[in-house]
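Hey, can you work out the whole structure from these sequences and the hints?
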Amino acid sequence: MNMKKWIAAALACSALALSACGGQSKDTSSSAPKADKVYRVAANAEFAPFESLDSAGNVEGFDVDLMNAMAKAGGFKVEFKHQPWDSLFPALKNGDTDIVISGVTITDERKQSMDFTDPYFEITQVVLVPKGKKVASSDDLKNMAKVGVVTGQTGDFSVSKLLGNDNPKIARFESVPLVIKELENGGVDAVVSDSAVIANYVKNNPTKSMDFITLPDFTIENYGIAARKGDEATVKMLNEALKKVRDSGEYDKIHAKYFAKEGDKAAAASQAASQPEAAK
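Sequential numbering from 434 applies to the sequence shown in this note's numbering.
What you were told as hints is all true, and nothing was included just to trick you.
Below, computed lysine-lysine pairings styled on DSS-like, alpha-carbon distance capped at 27 Å: (1) 602 <-> 614; (2) 579 <-> 641; (3) 594 <-> 544; (4) 669 <-> 510; (5) 662 <-> 677; (6) 575 <-> 602; (7) 514 <-> 467; (8) 690 <-> 641; (9) 579 <-> 602; (10) 510 <-> 686; (11) 677 <-> 470; (12) 544 <-> 514; (13) 467 <-> 544; (14) 567 <-> 594; (15) 470 <-> 669.
No lab work stands behind these hints: they were computed from the structure.
Computed from a predicted model, the values in this text were never measured in an experiment.
Below you can see the structure in the form of structure tokens.
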């Protein structure tokens with residue numbers, strides 16, 4: 434009888450132990466930063482004021498300041514790496530980087546291959562043209578000889594939707610500086626890109642005599658920070674850190690540093706372009 438009781442007790446303890454182990458294994462999405470891990474952050478530093486290279490070759494800009502503030506608030510470490518735009522997402526997928534922050538618009542298509550944090554910045558697409566050039570609707574874009582965009586960015590998606598993906602009128606470039614240089618040289622009639630980036634260019638290059646215009650065809654977009662598909666722990670860690678930065682007021686300070694002046698027109702343009710029924 435004592436032996437039976439002993440066996441029963443042993444089985445009960447085993448069951449409890451297994452239950453405890455099983456309960457622990459379910460916690461796969463802890464947001465606690467990994468000890469001594471340095472999160473590799475990739476950005477295309479040709480997208481001022483979100484990211485650019487300083488004189489020493491270091492990545493700087495709004496996204497960098499925001500990520501550094503998030504790392505401080507969340508208790509994790511980051512290091513930044515500049516690389517071409519078209520290499521950012523493959524590097525994330527292949528495990529060559531842990532995080533991408535580079536003015537990346539959250540889209541349904543991108544959500545299929547990567548995970549995003551909560552939105553951290555709102556923009557719209559605008560049309561950059563020489564001052565005096567009239568652009569009142571998408572029909573004006575359709576009538577231009579060449580419209581410049583950056584390959585794979587939402588300006589490319591927007592213009593492709595208007596003109597057709599294979600339309601020879603669309604001129605695609607590897608970066609914002611390259612497509613704007615082509616506009617300055619007369620190689621394209623207009624450039625379509627993100628409002629805050631174009632506003633920054635216009636403000637800092639007054640002698641170029643350029644202006645930007647918002648069209649109702651372009652709706653509001655949200656930037657998000659990207660992590661590998663299924664990396665719930667990193668996304669949760671980033672979201673918690675982003676919330677802390679917002680709640681502390683640090684986000685507003687960083688925003689004011691880069692957008693207090695040049696952002697006014699871009700913000701007004703974005704608001705005017707907002708069409709709830711057509712939101713992406």
